[in-house]
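Just so you know, the sequences run in chain order A and B. Just so we're aligned: the first sequence equals residues 3 to 114 in our numbering. Just so we're aligned: the second sequence equals residues 21 to 135 in our numbering.
Heads up, a few of these hints could be off.
[To be verified] Across the chosen pairs, the derived CB separations fall in these ranges:
1) B/Ser-132 with A/Pro-63: 28 to 38 angstroms
2) B/Ser-46 with A/Gly-98: 18 to 28 angstroms
3) B/Asn-81 with A/Gln-24: 26 to 36 angstroms
Please keep in mind that the hints were generated in silico from the structure rather than gathered at the bench. Every residue gets a Cβ at the ideal spot worked out from N, C-alpha and C, and that includes glycine.
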Amino acid sequence: NAGVTQTPKFQVLKTGQSMTLQCAQDMNHEYMSWYRQDPGMGLRLIHYSVGAGITDQGEVPNGYNVSRSTTEDFPLRLLSAAPSQTSVYFCASIRGTGGSYTFGSGTRLTVV
Amino acid sequence: AQSVTQLDSQVPVFEEAPVELRCNYSSSVSVYLFWYVQYPNQGLQLLLKYLSGSTLVKGINGFEAEFNKSQTSFHLRKPSVHISDTAEYFCAVSGRNNQGGKLIFGQGTELSVKP
């Protein structure tokens with residue numbers, strides 16, 4: 003099992019550019035989430051999904067879109083990147099409530 | 021909705037000394053509680069979790085935590101730390117009401133173990 007796979011690992015964007023951060027899991031987990039990590043602020047929830055076709059906003063959803071067409075994939079889209087979106091992004095999945103979350107290795111995004 | 025407050029942003033301690041990292045939470049529903057560790061330039065690793073039952077939870081690397089419902093706390097402890105415990109520690113909470121995927125983290129505590 004690969005677990006949770008995030009691509010790319012590093013990315014530099016110019017302000018206003020768009021991109022998609024990919025997240026895939028092969029554990030048949032129903033729940034998936036996206037977080038951003040910034041110094042001194044811990045991990046903040048961006049969006050989460052409780053199953054294919056169902057997504058909801060987290061703590062900091064502005065500037066990000068998600069969709070979940072399959073159980074395995076949960077891409078995060080930045081429509082118009084801003085320097086404030088410079089961060090490390092983590093994707094996570096879990097089979098059911100109370101289980102252990104599995105995290106990807108992260109994507110380090112810099113917006114210049 | 022849930023929220024988590026880690027009461028110390030940095031905790032310096034000498035090797036072989038005991039340590040406590042404090043975590044308080046707020047929630048309108050019953051919760052599951054977690055502690056994660058992040059070593060420099062690495063991802064997150066689960067230390068321990070409280071789901072139900074005994075309020076004293078033992079985890080990996082000699083860490084343990086105690087769930088206190090009346091004080092809404094979930095403090096992490098280790099009786100004797102090592103240099104290798106230097107890392108950032110995160111407390112997290114999720115609601116029991118089928119909100120899988122909605123794990124809320126605290127701001128983190130940097131544990132620095134000095135020789």
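Practice prompt. Check each numbered hint against the structure and report the violated ones by number, ascending.
Written response: none
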